[in-house]
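Novice: One-letter residues, chain by chain:
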Amino acid sequence: MFCDGIVICPSGNMAARPLVTVYSDKNEATQTQIKLPAVFRAPIRPDVVSFIHDQVSKNKRQPYAVSTEAGHQTSAESWGTGRAVARIPRVRGGGTHRSGQGAFGNMCRGGRMFAPTKTFRRWHRRVNVAQKRYAVCSAIAASGVPALVQARGHVVDKVAEIPFVVSDKIESFRKTKEAVSFLRRSNLWDDIEKVYNSKKIRAGVGKSRNRRFKQKLGPVIVYGKDSGVIRAFRNIPGVSLLHVERLNLLKLAPGGHLGRLIVWTESAFNKLDAIFGTYKSASELKKGFTLPRPKMTNPDFGRAIRSEEIVKAVRRAPRAALKTSKVHRNPLKKTKLMVRLNPYASVLKRAAILSQRKAQNVDHPNEKLILAANAKANVARKAKYAKKTGKK
Amino acid sequence: GMQADDVVWQVINQTHCSYKVKTKNHNFCKNEYNLTGICNRASCPLANSQYATIREENGVCYLYMKVIERSHYPRRLWEKVKLSKNMQTALDQISENLLHWSEFVRHKCKARLIRIHQYLIRMRRMKLKARTQKVITMPRKTERREKRREEKALIAAKLDTAIEKELLNRLKQGTYGDIYNFRQEAFEQLLDEQEKEMEREVEVEGEEVGERQFVEDFDESDEEGEGDIEDESGHWTPPDTDDEDEDDDDEDEEEGDEEEEMEVDEEEDGEDEEEEESDEEPVAPPPKKAKGGKKDAKAKKSKALPTPKKRHIEIEYEEEATPRRKVKN
Chain A
2 MFCDGIVICP
12 SGNMAARPLV
22 TVYSDKNEAT
32 QTQIKLPAVF
42 RAPIRPDVVS
52 FIHDQVSKNK
62 RQPYAVSTEA
72 GHQTSAESWG
82 TGRAVARIPR
92 VRGGGTHRSG
102 QGAFGNMCRG
112 GRMFAPTKTF
122 RRWHRRVNVA
132 QKRYAVCSAI
142 AASGVPALVQ
152 ARGHVVDKVA
162 EIPFVVSDKI
172 ESFRKTKEAV
182 SFLRRSNLWD
192 DIEKVYNSKK
202 IRAGVGKSRN
212 RRFKQKLGPV
222 IVYGKDSGVI
232 RAFRNIPGVS
242 LLHVERLNLL
252 KLAPGGHLGR
262 LIVWTESAFN
272 KLDAIFGTYK
282 SASELKKGFT
292 LPRPKMTNPD
302 FGRAIRSEEI
312 VKAVRRAPRA
322 ALKTSKVHRN
332 PLKKTKLMVR
342 LNPYASVLKR
352 AAILSQRKAQ
362 NVDHPNEKLI
372 LAANAKANVA
382 RKAKYAKKTG
392 KK
Chain B
-3 GMQADDVVWQ
7 VINQTHCSYK
17 VKTKNHNFCK
27 NEYNLTGICN
37 RASCPLANSQ
47 YATIREENGV
57 CYLYMKVIER
67 SHYPRRLWEK
77 VKLSKNMQTA
87 LDQISENLLH
97 WSEFVRHKCK
107 ARLIRIHQYL
117 IRMRRMKLKA
127 RTQKVITMPR
137 KTERREKRRE
147 EKALIAAKLD
157 TAIEKELLNR
167 LKQGTYGDIY
177 NFRQEAFEQL
187 LDEQEKEMER
197 EVEVEGEEVG
207 ERQFVEDFDE
217 SDEEGEGDIE
227 DESGHWTPPD
237 TDDEDEDDDD
247 EDEEEGDEEE
257 EMEVDEEEDG
267 EDEEEEESDE
277 EPVAPPPKKA
287 KGGKKDAKAK
297 KSKALPTPKK
307 RHIEIEYEEE
317 ATPRRKVKN
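For the record, the sequence lines run as chains A and B.
Numbering of the first sequence is given in the working numbering, commencing with residue 2 and proceeding in unit increments.
Numbering of the second sequence is given in the working numbering, commencing with residue -3 and proceeding in unit increments.
It should be emphasised that the hints constitute simulated quantities derived from the structure, not laboratory data.
Please read these numbers as outputs of a predicted model, since none were measured by experiment.
Among the clues, some could well be false.
[Unchecked claim] As a list, the in silico DSS-like pairs of lysine-lysine whose alpha-carbon atoms are at most 30 Å apart: (1) Lys18/B x Lys215/A; (2) Lys27/A x Lys76/B; (3) Lys159/A x Lys76/B; (4) Lys16/B x Lys200/A; (5) Lys195/A x Lys62/B; (6) Lys252/A x Lys26/B; (7) Lys143/B x Lys154/B; (8) Lys217/A x Lys62/B; (9) Lys16/B x Lys201/A; (10) Lys20/B x Lys195/A; (11) Lys137/B x Lys159/A; (12) Lys168/B x Lys200/A; (13) Lys195/A x Lys16/B; (14) Lys200/A x Lys18/B; (15) Lys252/A x Lys18/B; (16) Lys178/A x Lys217/A; (17) Lys27/A x Lys62/B; (18) Lys168/B x Lys195/A; (19) Lys16/B x Lys217/A; (20) Lys192/B x Lys215/A; (21) Lys195/A x Lys178/A; (22) Lys159/A x Lys195/A; (23) Lys201/A x Lys18/B; (24) Lys159/A x Lys81/B; (25) Lys26/B x Lys201/A; (26) Lys215/A x Lys20/B; (27) Lys192/B x Lys168/B; (28) Lys201/A x Lys137/B; (29) Lys18/B x Lys159/A.
[Claimed, not checked] With the Cβ distance kept under 10 Å, some of the chain A side facing chain B (calculated, not the full set): (30) Ser58; (31) Leu149; (32) Val150; (33) Gln151; (34) Ala384.
All C-beta atoms, glycine included, are put in the ideal place defined by N, C-alpha and C.
Go ahead and model the full structure; you've got the sequences and the hints to work with.
Specialist: This is how it looks when you write it as structure tokens:
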């Protein structure tokens, strides 16, 4: 039940490959535990997935175009100049409203549209196989992160484990009833309730083009062998079904968003290592394919740069140069400097201040105290002087 | 690698997170386990493997903790610890349980606990105050609709006419007794006619010589009528003698005076009426009105005897725009 073999080391998280418990169709943990396939350690790349999804989703399109002759099924000719009409080609003949009306132009009524759409538009996109495989690996890896599954919007509060692996009993379900009771017991039914509640009429013209309703997506069931699964589960709204060997990015990351809820059967889960390979061995089924390697083995950048090893190896961040205090040099702005140059300046300044105060009839708040202090100082000075002269 | 929080945060933040709510200036997180309610790196319960929250259920506070070891088992992800009701001990419990955890989580948990306690206290206090006034909201649509319907109902009720009718009924029944008598002229006319009949009868009877009869006064001015004159705020003016339309009936003389009085009463009481009810008749020149009034009165008189049944009495309201003296032509 618990992850075995977890080594939380600052580097080499890839090495950790925990054990995943297989659950019975009644949501009881069986004794079987499977080592987590290496695909789940593939780098999670939302950019790759988004791009590939975008490209691949164009491949199922059906061409549309306007008729090639549209707007040109007239023998219109311009009347030329001199007839006090615009020079647009006009329909020939007479006896009908249509005669003399403009034709051919995109601005004319009944004329051909600007740049008539063509069937030979490039509808499909070819995508490199390696890229497609990369995207699928990313999507599977993301499905193993409960946070991403939750963020995508699935209700997984009560699910026993993610990734969720179920015994192969599922594959031989024949009745939808069985499928439903399985989903209920496994606490996956909440997700399907979400689908039921989300059914809405589509906005737009698709309404009348056989795409009337829209609803959310629920879980995907990935099976190893179809002994009836498909037919048991297919009528449940929101549920998709995929064979392990034919995984579809459009189903694993719908809308280009990572983290769809996946229910694996035991046999499917076991096949994953063979299909995608590990970091030690190449894939058996996909020729020449090995799992993509992440750019950073330990993506926790913050933790890394603060780790002991790195801090030791790296020189200290240069301290900013000592701030020297500013040297003032302008005597016109700094009285101290002025007084240094011209001692009489202080006298002048004081006189100016006093005369201003007198004019405004404002006293320095401590004027009295200052005067008293000065008087006292004078007295003291005079006394001292007197003492000196007296002594003399 | 393994569930690296940074990777998760990058994916969630930059692509799509179903819990994120974007407003003009801020991003909020709808996740129920979020400690602050704001969507940012430190508060995201999905992007932090080691995280804690305080949640309140039915007035009891619980501390929820999650650790990285259980991150793949959603069913038992959150460890729930019941906190003491005493806030101080609860804070100590938090410190104890979140020992060695990140400062941010610890601090925010305590802050959240305090806030929860504060609003719980407030809730209890509010309950005790037994506020009768509860804010009940009504959707704007219904509000607008009901308002318009009220207006329409008000118009349809025709309150003025109903009040008018009611007052008239009461008058007729005599619930007002002697207070108002401007309506009595019809009654008076009736009485007069009856008197005359009685007189004739009486005369026949009184052919016996020497018998005393007690006869009613022939004068038109009733006591009530005189009372009228005094009742008004002294605006009595001599009654109009100018009547072009007067008939040559004998009764007319009496009528004339009565009518004048009635006029007086009518018009003056018409003023009163006007004060009570804000009816505004177009300001027709008073003499015309007077004549009209007289006409009506005559019409009423002629009707009075033969049809003692209910009759619709018209009230004419005048706007006393000019002083009465000018009424005389």
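Novice: Each hint should be assessed against the structure and marked as holding or not.
Specialist: Results for each hint:
no., hint, result
1, Lys18/B x Lys215/A, "24 Å, holds"
2, Lys27/A x Lys76/B, "26 Å, holds"
3, Lys159/A x Lys76/B, "15 Å, holds"
4, Lys16/B x Lys200/A, "22 Å, holds"
5, Lys195/A x Lys62/B, "25 Å, holds"
6, Lys252/A x Lys26/B, "26 Å, holds"
7, Lys143/B x Lys154/B, "18 Å, holds"
8, Lys217/A x Lys62/B, "29 Å, holds"
9, Lys16/B x Lys201/A, "22 Å, holds"
10, Lys20/B x Lys195/A, "28 Å, holds"
11, Lys137/B x Lys159/A, "41 Å, violated"
12, Lys168/B x Lys200/A, "71 Å, violated"
13, Lys195/A x Lys16/B, "18 Å, holds"
14, Lys200/A x Lys18/B, "24 Å, holds"
15, Lys252/A x Lys18/B, "27 Å, holds"
16, Lys178/A x Lys217/A, "22 Å, holds"
17, Lys27/A x Lys62/B, "27 Å, holds"
18, Lys168/B x Lys195/A, "74 Å, violated"
19, Lys16/B x Lys217/A, "18 Å, holds"
20, Lys192/B x Lys215/A, "95 Å, violated"
21, Lys195/A x Lys178/A, "19 Å, holds"
22, Lys159/A x Lys195/A, "14 Å, holds"
23, Lys201/A x Lys18/B, "23 Å, holds"
24, Lys159/A x Lys81/B, "29 Å, holds"
25, Lys26/B x Lys201/A, "23 Å, holds"
26, Lys215/A x Lys20/B, "29 Å, holds"
27, Lys192/B x Lys168/B, "23 Å, holds"
28, Lys201/A x Lys137/B, "24 Å, holds"
29, Lys18/B x Lys159/A, "28 Å, holds"
30, Ser58, "16 Å, violated"
31, Leu149, "6 Å, holds"
32, Val150, "9 Å, holds"
33, Gln151, "6 Å, holds"
34, Ala384, "67 Å, violated"
Hints 11, 12, 18, 20, 30 and 34 from the earlier list are contradicted by this structure; the remaining hints agree with it.
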